[in-house]
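Asker: Listed here are the chains, written in short residue letters.
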Amino acid sequence: MIDKGKISAIQMAYIMYPTILATAILLVPAITAKTAGRDLWLSPVWASITGFITVFIATRLNNYYPDMSLIEFSEHIVGRWIGKLLGFFYLLFFLHITAIIIREYGEFIVGSFLRNTPISVVMATMVLVCAFNVRGGVEVVGRTAQMFVPIVLFLFICIVILLIPDLHPKNMLPILEHGLKPSLMGSLVPTGWFSEFILITFLLPCMTDRNKGTKWGMIAVATVMLTIVITNLASYFLFGALTSTLVYPVMVAARYISIADFFEHLEAFVMAIWVGGTFVKISMFYYAIVAGTAQWLKLSDFRPLTLPIGFILVMISIWTAPNLQELVHFLSSVSPFYFLSFQTVIPALLLLLIMVKSRSRQSRGT
Amino acid sequence: MRTVCFLSKLVCILIGLPCLLTGCWDRVEVNDLALITAAGIDKKTSKKIELSVQVFVPRSSGGNVQQGLNGGGGSSGGLTFVRSAEGLTIVDAMTKLQEKLPRRVFWGHTEVFIISRTLAEEGIRNHLDFMIRHPQVRIGAYVFISDNDAKRALELMPPLERSSSEVLRELAKSKAMLKVTLKDLSASIIGDSESAALPWITELPADDGKNKNNTVPYITGSAIFKKDKMVGHIDDTLTRGALWLRDEVESAVVTHTPKEANGFVSMKLIKARSELIPHIDNGKWSITLRGVTEDDIIQNATNLDLMNPKHLGSLELQLKQNIEGRVSACLEQVQKKMNADIFDFAGAFHRKYPKEWQQVKDRWDEMYPEVEVNFDLKAYVRRPGISTGPAGVSEDEVRD
Numbered sequence: 388m389i390d391k392g393k394i395s396a397i398q399m400a401y402i403m404y405p406t407i408l409a410t411a412i413l414l415v416p417a418i419t420a421k422t423a424g425r426d427l428w429l430s431p432v433w434a435s436i437t438g439f440i441t442v443f444i445a446t447r448l449n450n451y452y453p454d455m456s457l458i459e460f461s462e463h464i465v466g467r468w469i470g471k472l473l474g475f476f477y478l479l480f481f482l483h484i485t486a487i488i489i490r491e492y493g494e495f496i497v498g499s500f501l502r503n504t505p506i507s508v509v510m511a512t513m514v515l516v517c518a519f520n521v522r523g524g525v526e527v528v529g530r531t532a533q534m535f536v537p538i539v540l541f542l543f544i545c546i547v548i549l550l551i552p553d554l555h556p557k558n559m560l561p562i563l564e565h566g567l568k569p570s571l572m573g574s575l576v577p578t579g580w581f582s583e584f585i586l587i588t589f590l591l592p593c594m595t596d597r598n599k600g601t602k603w604g605m606i607a608v609a610t611v612m613l614t615i616v617i618t619n620l621a622s623y624f625l626f627g628a629l630t631s632t633l634v635y636p637v638m639v640a641a642r643y644i645s646i647a648d649f650f651e652h653l654e655a656f657v658m659a660i661w662v663g664g665t666f667v668k669i670s671m672f673y674y675a676i677v678a679g680t681a682q683w684l685k686l687s688d689f690r691p692l693t694l695p696i697g698f699i700l701v702m703i704s705i706w707t708a709p710n711l712q713e714l715v716h717f718l719s720s721v722s723p724f725y726f727l728s729f730q731t732v733i734p735a736l737l738l739l740l741i742m743v744k745s746r747s748r749q750s751r752g753t
Numbered sequence: 534m535r536t537v538c539f540l541s542k543l544v545c546i547l548i549g550l551p552c553l554l555t556g557c558w559d560r561v562e563v564n565d566l567a568l569i570t571a572a573g574i575d576k577k578t579s580k581k582i583e584l585s586v587q588v589f590v591p592r593s594s595g596g597n598v599q600q601g602l603n604g605g606g607g608s609s610g611g612l613t614f615v616r617s618a619e620g621l622t623i624v625d626a627m628t629k630l631q632e633k634l635p636r637r638v639f640w641g642h643t644e645v646f647i648i649s650r651t652l653a654e655e656g657i658r659n660h661l662d663f664m665i666r667h668p669q670v671r672i673g674a675y676v677f678i679s680d681n682d683a684k685r686a687l688e689l690m691p692p693l694e695r696s697s698s699e700v701l702r703e704l705a706k707s708k709a710m711l712k713v714t715l716k717d718l719s720a721s722i723i724g725d726s727e728s729a730a731l732p733w734i735t736e737l738p739a740d741d742g743k744n745k746n747n748t749v750p751y752i753t754g755s756a757i758f759k760k761d762k763m764v765g766h767i768d769d770t771l772t773r774g775a776l777w778l779r780d781e782v783e784s785a786v787v788t789h790t791p792k793e794a795n796g797f798v799s800m801k802l803i804k805a806r807s808e809l810i811p812h813i814d815n816g817k818w819s820i821t822l823r824g825v826t827e828d829d830i831i832q833n834a835t836n837l838d839l840m841n842p843k844h845l846g847s848l849e850l851q852l853k854q855n856i857e858g859r860v861s862a863c864l865e866q867v868q869k870k871m872n873a874d875i876f877d878f879a880g881a882f883h884r885k886y887p888k889e890w891q892q893v894k895d896r897w898d899e900m901y902p903e904v905e906v907n908f909d910l911k912a913y914v915r916r917p918g919i920s921t922g923p924a925g926v927s928e929d930e931v932r933d
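Just so you know, the protein sequences line up as chains U and Y, in that order.
Converting from the first sequence to the working numbering requires adding 387 to each position, the first position being numbered 1.
Converting from the second sequence to the working numbering requires adding 533 to each position, the first position being numbered 1.
No lab work stands behind these hints: they were computed from the structure.
Honestly, I wouldn't trust all of these hints.
As the list claims (entries may be wrong) - When the alpha-carbon atoms are kept at most 27 angstroms apart in a straight line, the in silico DSSO-like pairs for lysine-lysine are as follows:
no., chain 1, residue 1, chain 2, residue 2
1, Y, LYS760, Y, LYS853
2, Y, LYS576, Y, LYS817
3, U, LYS557, Y, LYS580
4, U, LYS421, Y, LYS760
5, U, LYS568, Y, LYS762
6, Y, LYS580, Y, LYS817
7, U, LYS421, Y, LYS894
8, Y, LYS869, Y, LYS894
9, U, LYS393, U, LYS568
10, U, LYS557, Y, LYS760
11, Y, LYS743, Y, LYS759
12, Y, LYS817, Y, LYS888
13, U, LYS557, Y, LYS894
14, Y, LYS888, U, LYS557
15, Y, LYS894, Y, LYS760
16, Y, LYS804, U, LYS557
Claimed, not checked - Pairwise CB distance ranges (calculated):
no., chain 1, residue 1, chain 2, residue 2, range
17, Y, LEU621, U, LEU554, 35 to 41 angstroms
18, U, TRP706, Y, HIS812, 55 to 61 angstroms
19, Y, CYS538, U, PHE439, 36 to 42 angstroms
20, Y, SER707, U, PRO561, 31 to 37 angstroms
21, U, ILE469, Y, LEU540, 47 to 53 angstroms
22, Y, SER707, U, TRP706, 34 to 40 angstroms
Stated by the list, open to error - Here are a few chain U residues that sit away from chain Y, every Cβ distance over 12 angstroms (derived from the structure):
no., residue
23, LYS557
24, MET638
25, ILE696
Only a predicted model underlies this, so the values are computations on that prediction, with no experimental measurement involved.
All C-beta atoms in this analysis are idealised placements derived from N, C-alpha and C, irrespective of residue type, glycine included.
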């Protein structure tokens, strides 16, 4: 094992919660609303099934190889050369997806708040902070998550509660007007987000109470699902059909809050949620790349890789899309298949393979 | 060796630090901003529009006490001023406007948008897009349609509030008439009904002999929109009927003559809620307006003893009829003549009869005027105020 740090199962849940939610909460309501319409609140429920499956796959794989991450055990399962190749693709995939996340972060900050600041500066400073976090290893990532998540959660709950006077629940009727299809179609994009739970394969080997890993993984999926359902409902109750025309419904919703003439202009809350959440999210992905690369190259330490990889990440995040339109188009069209195949389908195949292998080994043994 | 290593690190840090000090791209000092409190759009020529903005003058705010001492007294004018510029679109005009302002235009505190009638009749879609798209503009800002120039409404110096935008904002919030935000407006235009209603403002004539700018714009009715185009307007009485159908009744006073006596009884509405219940029977579409209202008596100018429960029953009945009359009059105009679904009947049918709705969705325009409206109202008169018999009437004249 490359990282000597130890985390608990609860800390894993703390890391995974913002890792899924941070970007989902801002972009997903609008993307889901486009296809699911007023059934958008059902979509995350369908999508979370992927999350549960992914956690199941990850913990099962971990049972076979308790001290190994995705990069290492794939070598054991499919053989050295194919395993190395697969590992390489995974690293590239994680680089790409992390770059996209960094870009989403940058686009939001620049598009809504710091309009004149070069996006590279916004992204590079974030990556730098995350680099310090990642250099500290999994233990530090876990603890910063533990620190940020309660704040993020508190602010989120504040926004929802303060919005209640402006919500119109009748907007969600009629339920399932066109059958299940729209909500299922709408669940495609969040599915990609939920498949990110495969990242726990990088956390499970460092866990002190691994037997609780499945339980807390499932709890994390459930809370993420619940949070997205609440977000989607709140956006639709407030904006109705307008939801799909806004880029960041939650941010606009926070701006809409006005209590007693003076308690208003709360978009700083959203900014705090976004920055705190994406910090944990980027750190987690970043850690997976750095630790994964070190494992792939069989290095003794992953720390020296942190800064160079951070540099590459900033570069890729600039190259990844020419503008926000392209980014959202990618996220709402190709991304579910891309994310799903790497994060759920391939691990599922690996699990299947190892199950067949071990069974045949058993039958040969007897 | 160790010192060299330390020194090189120190040098790196020292070189790195100034990079963080190059300045903030987005640093904006409050005193570099022109805070726009309200914006108005007028039609200038066939192609051009005129954007007028009401800019807040920060230095005179909070100095109200001093002004009073200096004899500024009654009027607190000069807290805002109006600038305008012409252009093809709002943004085009804004660029030109910026040239006339020494400070940067800031939309974050704009709470009122006024669109002039002539422009509204041509369609407001283009302008609405800017208001929804610009990151600074708040989607909770109120929208009004002005009978005269929007610029004129901005220029007025209200005697009581700090600016005409504050007057309009407070009037909208009081919910005596419509209160429509940018969000409501754009949601209802793209909603099932594809119609909207906006508060209609006119200028209150100034008292004789006073400065004619020393007055306020106030809400006198509603402008009715189909899609993004204004198709007509209704006065304040009809608007109250519309409020009933939209479940937005907040405060109202009803005055009428009881059948039993001469004179008037006024009742203040304490609570009111209403609901639209759609029905489809054998292809006949109808809507029931179910409403409940609780009222207090606030003036009794008759010689009736309103402590007598038997009069209350009759009062309640007449109150009900009064509301029905208002709503019917409003429907006559808006539903039958203008054919604009500002009450969201479409949404009500869509929610209850999704399948049937899908069939008529495309010809809702033809269906809508045919929808019959029934009433199921309940009115309760709860309290007589804090006095019992009619005041100033001797006991012999009071009728039980």
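Asker: Decide, hint by hint, whether the structure agrees.
Answerer: Hints, one by one, checked against the model:
1. Taken as a hint, the LYS760(Y) and LYS853(Y) pair is broken in the structure, with Cα atoms around 33 angstroms apart against an allowance of 27 angstroms.
2. This hinted pair does not check out: LYS576(Y) and LYS817(Y) have alpha carbons roughly 43 angstroms apart, beyond 27 angstroms.
3. Between LYS557(U) and LYS580(Y) the alpha-carbon distance is near 41 angstroms, which puts this suggested pair outside the 27 angstroms criterion.
4. Of the supplied pair hints, the one linking LYS421(U) and LYS760(Y) holds, its CA atoms being roughly 21 angstroms apart against a limit of 27 angstroms.
5. For a cut-off of 27 angstroms, the pair hint linking LYS568(U) to LYS762(Y) is broken: about 35 angstroms separates their Cα positions.
6. Simply put, LYS580(Y) and LYS817(Y) have alpha-carbon atoms about 46 angstroms apart, too far for the 27 angstroms limit, and the pair is violated.
7. For the proposed pair LYS421(U) and LYS894(Y), the alpha carbon gap of about 20 angstroms is at most 27 angstroms, so the pair holds.
8. For a cut-off of 27 angstroms, the pair hint linking LYS869(Y) to LYS894(Y) stands: about 19 angstroms separates their Cα positions.
9. Between LYS393(U) and LYS568(U) the alpha-carbon distance is near 44 angstroms, which puts this suggested pair outside the 27 angstroms criterion.
10. Pair hint LYS557(U) plus LYS760(Y) holds up; C-alpha atoms about 22 angstroms apart against a cutoff of 27 angstroms.
11. About 40 angstroms separates the Cα atoms of LYS743(Y) and LYS759(Y), which puts this hinted pair outside 27 angstroms; it is violated.
12. Between LYS817(Y) and LYS888(Y) the CA atoms are separated by roughly 15 angstroms; this keeps the pair inside 27 angstroms, and the hint holds.
13. Between the alpha carbons of LYS557(U) and LYS894(Y) the distance comes to roughly 19 angstroms, so the proposed pair stays at or under 27 angstroms and holds.
14. Under the criterion of a C-alpha separation no larger than 27 angstroms, the hint pairing LYS888(Y) with LYS557(U) is consistent with the structure, at around 18 angstroms.
15. Taken as a hint, the LYS894(Y) and LYS760(Y) pair is honoured in the structure, with Cα atoms around 15 angstroms apart against an allowance of 27 angstroms.
16. Our distance criterion of 27 angstroms between C-alpha atoms is met by LYS804(Y) and LYS557(U), whose separation comes to about 21 angstroms.
17. Checked against the hint of 35 to 41 angstroms, the pair LEU621(Y) and LEU554(U) passes, with Cβ atoms roughly 38 angstroms apart.
18. Separated by about 59 angstroms at the C-beta atoms, TRP706(U) and HIS812(Y) satisfy the suggested range of 55 to 61 angstroms.
19. Between CYS538(Y) and PHE439(U) the beta carbons are some 51 angstroms apart, a value that contradicts the proposed interval 36 to 42 angstroms.
20. The hinted range of 31 to 37 angstroms is satisfied by SER707(Y) and PRO561(U), whose Cβ atoms lie roughly 34 angstroms apart.
21. ILE469(U) and LEU540(Y) have their C-beta atoms about 49 angstroms apart, which keeps the hinted 47 to 53 angstroms range intact.
22. Our hint of 34 to 40 angstroms for SER707(Y) and TRP706(U) is violated, since their Cβ atoms are close to 54 angstroms apart.
23. With a least CB separation of 6 angstroms from chain Y, LYS557(U) falls inside the 12 angstroms interface cut-off, contrary to its annotation.
24. Residue placement check: MET638(U) does not keep its beta carbon more than 12 angstroms from all beta carbons of chain Y (closest about 9 angstroms).
25. Separation of ILE696(U) from chain Y is adequate, the least Cβ-Cβ distance of about 20 angstroms exceeding the 12 angstroms criterion.
The structure shown violates the earlier hints numbered 1, 2, 3, 5, 6, 9, 11, 19, 22, 23, 24.
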